[in-house]
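Asks: One line per chain: the protein sequences are Y and U, in this order.
Counting in the numbering used here, the first sequence runs from 106 upward without gaps.
Counting in the numbering used here, the second sequence runs from 3 upward without gaps.
Just so you know, the hints here were simulated from the structure itself, not pulled from any lab data.
Be a bit skeptical, because a hint or two may be false.
Result set (DSSO-like, lysine-lysine): computed pairs, CA atoms no more than 27 Å apart in a straight line [said to hold, decoys possible]:
no., chain 1, residue 1, chain 2, residue 2
1, Y, K367, U, K109
2, Y, K266, U, K31
3, U, K100, Y, K266
4, Y, K300, Y, K417
5, U, K109, Y, K300
6, Y, K266, Y, K300
7, Y, K357, U, K138
8, Y, K357, U, K61
Here are a few chain Y residues that face chain U, going by a calculated C-beta distance under 7 Å [as the list claims (entries may be wrong)]:
no., residue
9, S162
10, Y165
11, L246
12, T247
13, G250
14, L254
15, Y263
16, I304
17, A305
18, P471
19, G475
We put the beta carbon where it would ideally sit given N, CA and C, even for glycine.
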Amino acid sequence: MRRKVAIVGTGHSIYGVRNDVNLPELAYESIKEAVDEAKIGLDDIDLVVVGNVGGWSSEYLPAIVINEYADLAGKSTFRIEAACATGSAAIKTAVDAIASGEADIALVVGVEKMNESLTPVVVEFIGRSGNYFWEFQNFGLTFPGYYALYATYYMFNYGVKEEDLCLIAVKNHHYASMNPKAHFQRKITVDECMKSRYIAWPLKLYDSCPISDGSASIILASEEIATKITDTPIWIEAIGSASDTSNITRRKDFTGLYAARKAASEAYKKARLDPGEITRHLDLAEVHDCFTIAEIMAYEDLGFAKRGEGVKLIREGQTYIGGLIPVNLSGGLKAKGHPIAATGVGMAVEIARQLWNKIERGRQAPIKNGRGLAHNVGGTGHYAYVTIYSLTKPRG
Amino acid sequence: MMFERSPAKIWRNRDVLYRLKYSYCRDCKRSFYPPRGRCIYCGSSNIEHRYSSGRGVVKEFTVVYQTPVGFTDMSPMVIGLIEMEEGFRLLAQIVDVKPEEISNGMKVEAVLRRMIVDGETGLIYYGIKFAPLIEKS
Ligand SMILES: [Zn+2]
């Protein structure tokens, strides 16, 4: 018998170039906020799950270092990694531990400090998470290049234009400008985006997420404890997770990401939501827009639009507040930033605060269904997690 | 933190890197690259190693402007997803053609070219790239 699990506290550091702090200091910014919000003591925590990809920061073995700094020494702890989906993988690990009865209260912290390495190193490192072909030949394709292959497919087959991709960037910068925690605080225009330099054609600098430092934390608790701590726990209604071949040459086509579709379908089934009417169940979604094309593919993989029609949603403004479904009101990876392992946890924090109506003016979604969705992808669809968060306690 | 490109690793893979050695599964009749002892599709070990004709067609491509370390003087660099005559696909650089002249479906053939120069006094790595196919009459 699986126990129900809910979020009872959230914390979110400022994302950006954070040369002012080291890794544990950065992690602690969100840990402290989450622990304070949950109004629990550190002694109440049974388990600390640290999400961190590392490789580019000064701490290669981060869990114990963070625990030491946060005065959590003695707790059960470890580091989780699933490339850019690390945050969601860390959440799933903690949720499963509580659901199984192995823990009652868990802290999940996702933290990444990427700016301690030079950009080419970061690009090469992420590129490696893209393809096992590296073992054989470093032929020079970069991580943006993988997504560019999807973008060209959408351009040739579904009539997506570079201007359409820029519309995603414009929307996400618009909302980031109202989010004090976001890496970018400035609105942009389609014209500015179109004039930015190419990274991997057809993707330009303004189609790409920045290299960010940041941390995000949540406190998860079992039903018994969650309902004592707060009147409005955010329930983990369902988590769908999947993976795909890491060898892009083996992907059958470039219409969206198979792992994301599989994760979504699993999550909808577990939460008993109608996949054909999914937007009617949700108030908002945070999706993995590491590149603008990724957000358009997410619309389709999640069932917000039919295959090839995702671009219509952004052309019609349907993913702004007031449209069919608001997407990335935080600014998304594109403009809030993408500190790799913090991203999935940061999505949970954003959705919880949206459902609590605690978001800044101008980017608060109207909450009618009490439900939000997080879509977190690792690599180019090598990992995918779709998590449904709800104000209503799940049935069963 | 550059990723190691050791001469030993390249030597071990020389037939794969320079002659496009691939695997053909006698059970499910499918080909794949890079080669290995078990079929990536059906798991069979009834595998035959073959050498590719080097000819294929471009299925998808991108133009990489922000190139990785070691490739910086090659920017902009065209990378294509190429489907070989033998049925397997690989990603490789496309050369001897301007990006605007490339189209999906274009026929290409493998050529041996310089890949990376490891600094001023370092090793020079060669590898397979693809150039437009010149049909011999
Ligand atoms: Zn086979």
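Asks: So, for every hint listed, does it hold in this structure?
Replies: Verification of the hints:
no., hint, result
1, Y:K367 <-> U:K109, "35 Å, violated"
2, Y:K266 <-> U:K31, "39 Å, violated"
3, U:K100 <-> Y:K266, "21 Å, holds"
4, Y:K300 <-> Y:K417, "23 Å, holds"
5, U:K109 <-> Y:K300, "32 Å, violated"
6, Y:K266 <-> Y:K300, "14 Å, holds"
7, Y:K357 <-> U:K138, "32 Å, violated"
8, Y:K357 <-> U:K61, "12 Å, holds"
9, S162, "12 Å, violated"
10, Y165, "11 Å, violated"
11, L246, "5 Å, holds"
12, T247, "6 Å, holds"
13, G250, "5 Å, holds"
14, L254, "5 Å, holds"
15, Y263, "14 Å, violated"
16, I304, "5 Å, holds"
17, A305, "5 Å, holds"
18, P471, "39 Å, violated"
19, G475, "42 Å, violated"
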